[in-house]
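Student: Spelled out, the chains give:
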Amino acid sequence: MGADFDEPELIALSRRGDLAAFNLLVEHYQRPLYNLCLRMLASPEAAEDATQEAFIAACRAIGRFRGGAEGGGRAAGFRAWLFRIGANACYDELRRRRARPAASLDEPRGPSGRVPDIENPGPALAEIAETAELGRALQEALRALPSDQRLAIVLCDVQGLDYSEIAQVMGVSLGTVKSRINRGRSRLRAFLLAHGELLPSRFRQTSGDR
Amino acid sequence: MHWLNKHARLRHKLSPYIDDQLTASETAALEAHLASCDACRRRLDELRATVSALHEQPQAEAPRSFAITPGMIERKSAAAARPLPALGLGMRLAGAGVALALAIVVVGDLTLGDNGGASPQAGSQPAEESRAVEMFSDAETSKSSESGAYPPPSGNADSSTTQSNAGAAAPCPPAAAPAATGGGAAGGAGTTAGRGVGETPAPSATQQPAPSSTPSPESPNVAAICGNASGGAAVPIAPQTPENAAPRATADNDGGGISTLRIAEIALAGVLVAIVAAIVLEAAMRRRRIA
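Sequence order for the protein chains is P and V.
Residue numbering for the first sequence follows this note's numbering, starting at 152 and increasing by one per position.
Residue numbering for the second sequence follows this note's numbering, starting at 4 and increasing by one per position.
Here are the in silico distance ranges between beta carbons for each label pair:
no.	chain 1	residue 1	chain 2	residue 2	range
1	V	PRO61	P	ARG251	25 to 33 Å
2	P	PHE156	V	LEU96	43 to 51 Å
3	P	ASP243	V	ALA106	35 to 43 Å
4	P	ASP299	V	SER262	51 to 59 Å
5	P	ASP243	V	SER68	20 to 28 Å
Partial chain V-side listing against chain P, Cβ under 10 Å, derived:
no.	residue
6	SER18
7	GLN62
8	GLU64
9	ILE71
10	THR72
Derived from the structure by calculation, the hints contain no laboratory data.
Ideal placement from N, C-alpha and C gives every residue a C-beta, glycine not left out.
The following block holds chain P by itself, in its conformation from the complex (with noise of 0.2 Å):
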């Protein structure tokens, strides 16, 4: 963001009830975070109330974050601690989905041979979507992974943070990371490669490049 940004700074104004701070920190996350929660719930209005949800959730209990002592400097532990409220918010609404199985968007739909649509395709997630036939099947084969692993694939392909963050963000060891993140990757690409008639050419392509 800008060079005004001071994050732990804002971090230790906001834990002194400053709601203005706290939300220039809201301003810098809001887009990861929501992506994050879109990724998970595959419906931008699930992913927009889980988002302001975990804000929320976030500022009422800033006065109990330690900064990142744990590795990573404080910024990492921040993100991480964000992350960790926005992924148990995306697990409440998953839960709340199985308890009211008609309205799930967590399983797959469909026969296995055909990528189903997305279902109520709301104007973020179709951008998405649109960019490319692989963005409809991954948006599909992250939808069809168990959260867990497609939380660790999320934070980790999606969002970029490293395996130490991820095992902060998910309160696992790393090892446990390690599996879930090797997990996950074989089944997307168990279903990429059963489902996309364009990966060959793509497969082609990246093991020229490297």
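Position chain V relative to chain P; hints supplied.
Tutor: Chain V in isolation, oriented as in the chain P frame:
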């Protein structure tokens, strides 16, 4: 076989290899294998393509500002934060109340039942009844001559049922004309025990001015003990005066009081378990939600 195992083992390392999460020796071993294995190399390429496809996904714009307004925190804390502690406190108070009631009933049960043996049949009744009477005599500090025959149970009864004794003794005057109404009015367990009251005149009388123990309608548990005591006491210790005789007579108390206590114990224990479970569950859920 060895060949397959090696593939399976190394394939787990492809994903961390992409992220540079392997040690130097692991990396060297994997790269040596990749140099000689087309299948694993293709798999690595596929994984890389998957990862880069994820990386290339555009990030959506935030649909709006998620800035926090003071109203959001206020409204939410009024809606969500306040009722929860109230609920938690209420649950704890209810739990404590039920636990106390259960303790009172259990003590009452032991006091009434253990001296007379396990069987609540007619044969054991006199002992139970006398003890029950003693409890009440004790409360009124008018010890009878025959109370010496029994070990004083008052220590047990007094300590745990102080409230109920006080509550029961006070509104129970010796000449309790409205004993029947009292027994009938006392809700819950007490009504069962006191049902026989007033049906038949007492067949016998004793020399002792026994306190007539009218069940106090204050609480079902107090009434349960009080009702038992009054029902049981009436047989050996009948009133001297005729006006007392009518209301305090009893007909059917062979074990009815004991089973009432048992039912009360089971019911209270069930409620207690439910409340404790609810408290534990709620605490667990809250802990899970905390970031």
